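If you read the sequences in order, they're chains A and B.
Numbering (the numbering used here) for the first sequence: 1 to 279.
Numbering (the numbering used here) for the second sequence: 1 to 192.
What the hints contain is simulated information worked out from the structure, not anything from laboratory work.
Just so we're clear, the structure is a prediction, and the values are computed from it rather than from any experiment.
Note that the Cβ used here is the ideal one computed from N, Cα and C, for glycine as well.
Keep in mind that the hints are not guaranteed to be accurate.
[Said to hold, decoys possible] Okay, the calculated bits of chain B under chain A, using three or more residues with CB under 8 Å as the criterion:
id : stretch
1  : 86-93
2  : 171-179
[Claimed, not checked] Take a look, some chain A residues computed to stay more than 12 Å from chain B by CB distance:
id : residue
3  : Glu44
4  : Gly51
5  : Thr92
6  : Tyr111
7  : Ile117
8  : Arg122
9  : Gly153
10 : Tyr176
11 : Arg179
12 : Ser259
13 : Lys260
Spelled out from the first residue to the last, the chains are:
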Amino acid sequence: MAADPGHFEPMHAAHAIEQVAFVLQVDRSLEDTQLGEAVAAVQEQFGGAAGELPGRADIQTMTFSFGPLGHLGQGPVPTGGRVYNRTRQDGTLESELRVERLSIVYRTTAYTRWADIWGRARRYFATLLPVYTQVGTITAINLNFQDKFFWDGDIALCRPAALLRPQSNYVCPHVYAARDLWHSHTGAFSRADANTKRLLNVNLDCLDETATPPQRRFVAITTGLTDQLNQSGYTVTALHGADAVNYLDQHLPVLHNLSKDTFRNVINDAMCQRIALDD
Amino acid sequence: MGTSNIANAIAALIAASAVQTATLNPVVDDLGLYKQRRAFLVARPSTIIWPDANPLGGLDSLPVVTPFIQILRAERETTPREQLIGELRRWRMLTANWDGEGALAADKVSSRAAEAFTDLLPDGLLPEPMLHAGGRAGLYWKTDDLYADLEFLDGQRIAYYIERAGDKHKGVVNYDANNEEMPPVLAILLQA
């Protein structure tokens with residue numbers, strides 16, 4: 001049997017997902033009262049020491065004004081929103097919910113199964129959406145996966161082809177010949193349907209982790225899908241309260257499947273099998 | 001750097017890159033622990049650049065409509081459940097003679113059934129995975145009061161041998177890997 005020159009291993013043995021994030025953006029900023037309402041709803045349902053998101057902190061912002069004479073001095077400092085989170089005993093972040101004036105962001109590093117993760121995110125969105133959709137309309141829904149694969153072997157022998165699908169649509173061709181660090185970022189808009197302008201981003205970075213020895217080489221792959229609604233040249237999508245949640249129920253699985261299809265087109269068959277992407 | 005200088009730097013940044021919102025790097029302490037990031041909100045808050053998204057340094061010039069989430073600096077540990085499932089998935093790729101003694105290739109159906117079974121177990125009752133020479137997957141427990149050996153014959157049956165409190169139990173039970181339900185006899189014997 002030929003000696004193994006090295007191979008990539010998914011970050012968490014069973015899968016490579018370091019983080020998944022859901023972002024929802026609206027076109028109008030929440031006023032203080034509405035932000036307070038949103039924060040109170042999260043605090044009541046999920047916050048507090050016994051809640052599932054016990055950590056909390058206000059999001060600080062700094063605003064500068066500019067004019068013809070240059071800097072005009074610092075304006076009032078509004079609160080950007082509030083972040084709720086859960087951390088592990090070792091201090092690493094497990095999940096985080098950011099309640100901001102223009103967006104809701106939920107992200108977690110504890111990926112298990114799609115149904116579980118979306119089920120949790122859905123409850124947060126269902127709590128917050130009535131407040132946000134009272135003020136404005138949804139302009140963007142984003143699903144963002146970040147996967148990481150570590151090279152197991154002599155770094156000098158690390159080759160992109162050990163991980164990447166040959167001639168992937170989403171990887172810059174010259175990357176395949178790289179012998180050192182590399183990155184490949186790409187993105188494009190498409191018309192998903194009459195209502196939806198879709199942005200697909202696939203960003204790959206081959207990096208060395210040097211903070212803690214031994215040095216490790218890894219490839220991080222970010223697959224981002226953003227469906228923009230209510231854009232110029234597209235049909236209006238008016239969603240409020242429960243309708244908005246139902247829309248997400250229909251829409252997020254579509255984005256998830258598309259994200260998987262895209263990811264399948266980035267990594268090779270062996271790695272797809274290794275992380276059971278097709279199961 | 002004074003406030004005025006920071007403001008000038010941001011203004012120059014905006015002019016140079018035509019971005020509308022800039023976000024500072026997240027604050028990460030010496031242990032690599034994530035801290036809250038701070039944001040500068042400038043003009044139209046619809047496009048965000050994310051300096052930290054380009055790990056090679058510098059600003060990422062890709063226009064991103066919604067926030068890209070920054071690469072985390074602190075990794076969590078892989079859980080025992082992920083290790084267990086990862087082992088099963090790794091073995092699933094093994095071809096014939098993986099042991100050098102003529103073993104059959106891993107039976108994928110059996111392996112997937114074992115993986116599905118682990119989803120039904122609480123964190124405190126996770127077993128060791130096994131791969132039999134016949135290619136089938138198995139799960140194995142050995143503690144002070146439990147010895148158990150399950151073999152996944154296919155996606156629908158499990159052969160079991162369990163010793164608990166001096167009693168021995170063995171047999172074959174039906175099991176639907178898609179059903180997300182543990183056979184009652186195993187639920188009792190394993191979790192008693």
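Right, here's what the structure says about each hint:
Closer than 8 Å: that is the beta-carbon criterion, and the stretch 86-93 of chain B has 6 residues meeting it against chain A, so the requirement of 3 holds. For the stretch 171-179 of chain B, the assignment as covered by chain A is violated, since 0 residues bring a beta-carbon within under 8 Å of that chain's beta-carbons and 3 are needed. At roughly 22 Å, the least C-beta separation between Glu44(A) and chain B is larger than 12 Å, which holds for a residue marked as non-interface. Against chain B, the non-interface label of Gly51(A) holds: every CB pair exceeds 12 Å, the least being about 19 Å.
For Thr92(A), the shortest C-beta to C-beta distance to chain B comes to about 4 Å, within the 12 Å cut-off, and the non-interface label is violated. The Cβ of Tyr111(A) does not lie farther than 12 Å from every Cβ of chain B; its closest approach is about 9 Å, which violates its non-interface assignment. No beta-carbon of chain B comes within 12 Å of the beta-carbon of Ile117(A); the shortest separation is about 14 Å. Residue placement check: Arg122(A) keeps its beta carbon more than 12 Å from all beta carbons of chain B (closest about 18 Å).
With a closest Cβ-Cβ approach of about 15 Å to chain B, Gly153(A) is found to remain outside the 12 Å limit, as its non-interface label requires. In this structure Tyr176(A) is separated from chain B by more than 12 Å, as the shortest Cβ-Cβ distance comes to about 19 Å. With a minimum CB-CB distance of about 16 Å to chain B, Arg179(A) clears the 12 Å threshold, and the non-interface call stands. At roughly 14 Å, the least C-beta separation between Ser259(A) and chain B is larger than 12 Å, which holds for a residue marked as non-interface.
Every CB of chain B is more than 12 Å from the CB of Lys260(A) (nearest about 16 Å), matching its label as outside the interface.
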